[in-house]
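2 protein chains.
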Amino acid sequence: MHRTKVRVVEDALDANNTIASANRSDFDRSNVTVVNLMSAPGAGKTTLLERALEGLADEDPPVRVGVLEGDVQGSFDADRLSVLHIPVVQLNTDNGFGGECHLDANMVRSALPAVPLDDMDVLIVENVGNLVCPAEFRIGEDARIMVCSVTEGEDKPLKYPLMFRACELVVINKVDLLEHLDFDVDRLEANILQVNHHAKVMRVSAKTGEGIDAFRAWLQALPARAGATA
Amino acid sequence: MHRTKVRVVEDALDANNTIASANRSDFDRSNVTVVNLMSAPGAGKTTLLERALEGLADEDPPVRVGVLEGDVQGSFDADRLSVLHIPVVQLNTDNGFGGECHLDANMVRSALPAVPLDDMDVLIVENVGNLVCPAEFRIGEDARIMVCSVTEGEDKPLKYPLMFRACELVVINKVDLLEHLDFDVDRLEANILQVNHHAKVMRVSAKTGEGIDAFRAWLQALPARAGATA
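So the sequences go chain by chain: A and B.
The numbering of the first sequence is this note's numbering, which starts it at 4 and goes up by one.
The numbering of the second sequence is this note's numbering, which starts it at 4 and goes up by one.
In case anyone wonders, no lab produced these hints; they're calculated from the structure.
None of these values were measured; they are calculated from a predicted model.
Certain hints may be false.
Because identical chains share one entry, a pair is satisfied inside a single copy or across any pair of copies.
[What the hints assert, rightly or not] Straight-line distance between alpha carbons at most 16 Å, and here's what the computed EDC-like set of lysine to aspartate or glutamate pairs gives:
1. K210 <-> D17
2. K203 <-> D189
3. K210 <-> D82
4. K210 <-> E139
5. K210 <-> D185
6. K210 <-> D179
7. K210 <-> E57
8. K210 <-> D29
9. K203 <-> E62
10. K210 <-> D121
11. K210 <-> E192
12. K203 <-> D122
Let the sequences and hints guide you as you build the complete structure.
Below you can see the structure in the form of structure tokens.
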């Protein structure tokens, strides 16, 4: 007897991957390298960008950067970054997306018509502050970064391993505060490498500028690196 | 012509409220006041509890406290609290709940058989670290507290208003670090009151103990207060 093949219905995450691939095609067409930037609320993503992005278009190699800002509501971070004279687009999950705690491929796709992809080499997507769900949704990115503050506790990689595992670069921020904290940054780094031994780890202070040059260099090298693996 | 009445199908949040009511009945039967404790990752919920819960059963009035620890995975916080010699139960959202970024009424209900409700006056449910989704799911609690660290930025109430609006008490933690930060704690408090003018706000340092007596007194008064409004 002939049997028809059972077709498995696509689940929500598969739908996300389908849309992420469509985003990816758009990014490739404009030759844009895309970074998904994640962290807990208040770890310092925006301050890191304020410090790191200034003047990158005048460096060697020049890198034209744009930012897509994800928030539940408001445009506080986008307003802060707008002084850098780079393209900044605000995407709120409250508007038609139920106030979601993360960005997904569809939300990013809805914002793309407002993002001037042809005017940039690197697009940084600043995700909603959250250590759980953003790690589960690809948006079509080339690289994922998370920012982890030394005020958050050394145990975070063990409590939120999916997030730390999903990222190729972990930026440990606010190291200027270390002298005032009972915080073992070596233990944090060991915990990061325990859950993701491929992770590159940087220690920075977005406030004082310590370590920012290494992060800028990482961003500058990103288009060539992404091109090599594409 | 006779029309049948259109019945609206219960959505997921309504199902949550139904189960929250069932939890509430169990709490009432055991005369337990329940606190839903929320924050971003690393704001210091567990350190606050370490500081505040010790010896509460020997105070006047005596308050026997238990803790239900919510985490995606692991039992790091429960292990820390177990030295207080109070009932501590771990609830992981990874086990059968898809690694959810929040607790809901059903998850809490699944843990209740392990919680000795008759041996406590107050049950503190430490939610998963997240400023978005925990605020959307009632678990049958009497009161909601959030902990907000001064390392997180003054704009958090404006970016995550639902969370701040959902809580009757906002504990501003890590005030010992204020002298090392460019942080305007008065502006944070004004932003909290802007989104929730009913909120009670306390400034504490779980590390040094500053302000902890006020938080302990708030917890001690809670059963009488909850009883008065029940």
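Taking the hints in turn, this is what the structure says about them:
With identical chains, the CA atoms of K210 and D17 are never at most 16 Å apart, being 40 Å at best within one copy and 45 Å at best between copies. Only within a single protomer do K203 and D189 lie at most 16 Å apart by alpha-carbon distance; the minimum there is 14 Å, versus 38 Å between protomers. Taking the shortest alpha-carbon separations for K210 and D82, neither the intra-copy value of 18 Å nor the inter-copy value of 34 Å comes in at or below 16 Å. In this assembly of identical chains, K210 and E139 lie within 16 Å of each other by CA distance neither inside one copy nor across copies; the values are 30 Å within and 34 Å between.
For the homomeric pair K210 and D185, the shortest alpha-carbon distance between copies (9 Å) is at most 16 Å, but the shortest distance inside one copy (20 Å) is not. Taking the closest pair of Cα atoms, K210 and D179 come within 16 Å of each other only inside a single copy of the chain (8 Å); across copies the shortest separation is 19 Å, beyond that limit. Taking CA atoms no more than 16 Å apart as the test, K210 paired with E57 passes inside one copy only; the shortest distance there is 14 Å, against 37 Å between copies. With identical chains, the CA atoms of K210 and D29 are never at most 16 Å apart, being 35 Å at best within one copy and 49 Å at best between copies.
Taking identical chains as interchangeable, the C-alpha atoms of K203 and E62 are never at most 16 Å apart, the minima being 23 Å within one chain and 50 Å between chains. For the identical chains of this complex, K210 and D121 are neighbours neither inside a copy (31 Å) nor across copies (50 Å), given an alpha-carbon limit of 16 Å. Taking the shortest alpha-carbon separations for K210 and E192, neither the intra-copy value of 20 Å nor the inter-copy value of 23 Å comes in at or below 16 Å. Taking the shortest alpha-carbon separations for K203 and D122, neither the intra-copy value of 29 Å nor the inter-copy value of 48 Å comes in at or below 16 Å.
Of the numbered hints given earlier, the model fails hints 1, 3, 4, 8, 9, 10, 11, 12; all others are met.
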